[in-house]
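Numbering follows this note's numbering, in which position 90 of the sequence shown is assigned residue number 155; successive positions increment by one, without gaps.
Check each hint, because a few of them may be wrong.
Label pairs and their computed distance ranges (CB to CB) [unchecked claim]:
1. Glu131 to His69: 51 to 61 Å
2. Ile113 to Ala88: 35 to 45 Å
3. Leu87 to Leu117: 37 to 47 Å
4. Phe74 to Phe105: 39 to 49 Å
5. Phe74 to Ile99: 17 to 27 Å
6. Ala112 to Phe68: 32 to 42 Å
7. Leu114 to Cys83: 16 to 26 Å
8. Ala159 to Leu111: 28 to 38 Å
9. Glu136 to Ala112: 29 to 39 Å
10. Met78 to Gly100: 23 to 33 Å
11. Val106 to Glu131: 46 to 56 Å
12. Asp66 to Gly107: 52 to 62 Å
13. Val106 to Gln130: 28 to 38 Å
14. Asn95 to Leu122: 29 to 39 Å
Hints were generated in silico from the structure; no laboratory data involved.
The beta-carbon is built from N, C-alpha and C at its ideal position, and this holds for glycine as well.
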Amino acid sequence: DKFHGRFGFRCVMDVDGCKTGLAADGIVANAAEIGAVFIFVGLVSLAILLPLRMMGLLKAKEEHQEMGVDERMHMPQKAYTIEPVIGKTPLFRATLQAIQ
Numbered sequence: 066d067k068f069h070g071r072f073g074f075r076c077v078m079d080v081d082g083c084k085t086g087l088a089a090d091g092i093v094a095n096a097a098e099i100g101a102v103f104i105f106v107g108l109v110s111l112a113i114l115l116p117l118r119m120m121g122l123l124k125a126k127e128e129h130q131e132m133g134v135d136e137r138m139h140m141p142q143k144a145y146t147i148e149p150v151i152g153k154t155p156l157f158r159a160t161l162q163a164i165q
């Protein structure tokens, strides 16, 4: 029921020493801080994302959307095919020749 004061070194002082009965005040202060952070993050996000949206920079171009962003932007297509690579790499061939 006691809270640390400034910088966390001493309790919140009263005339008789450490002040007690601060649980409700602490909960209200924490809730107010959470609310302030929520509002701050919302306003900063709005300030950044709203101009980007108005300029059309948050949406992929139409030609990218028609083909699909993965197919258009992530080349080569071999990245999406699964085929065995045993015997195809130079290291594998060199190792196989060394063993034989």
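These are the hints, each one checked on the structure:
no. : hint                         : in the structure
1   : Glu131 to His69: 51 to 61 Å  : holds, 60 Å
2   : Ile113 to Ala88: 35 to 45 Å  : holds, 38 Å
3   : Leu87 to Leu117: 37 to 47 Å  : holds, 44 Å
4   : Phe74 to Phe105: 39 to 49 Å  : violated, 28 Å
5   : Phe74 to Ile99: 17 to 27 Å   : holds, 25 Å
6   : Ala112 to Phe68: 32 to 42 Å  : holds, 34 Å
7   : Leu114 to Cys83: 16 to 26 Å  : violated, 46 Å
8   : Ala159 to Leu111: 28 to 38 Å : violated, 59 Å
9   : Glu136 to Ala112: 29 to 39 Å : holds, 34 Å
10  : Met78 to Gly100: 23 to 33 Å  : holds, 28 Å
11  : Val106 to Glu131: 46 to 56 Å : violated, 35 Å
12  : Asp66 to Gly107: 52 to 62 Å  : violated, 33 Å
13  : Val106 to Gln130: 28 to 38 Å : holds, 30 Å
14  : Asn95 to Leu122: 29 to 39 Å  : holds, 37 Å
Of the numbered hints listed earlier, those contradicted by the structure are 4, 7, 8, 11 and 12.
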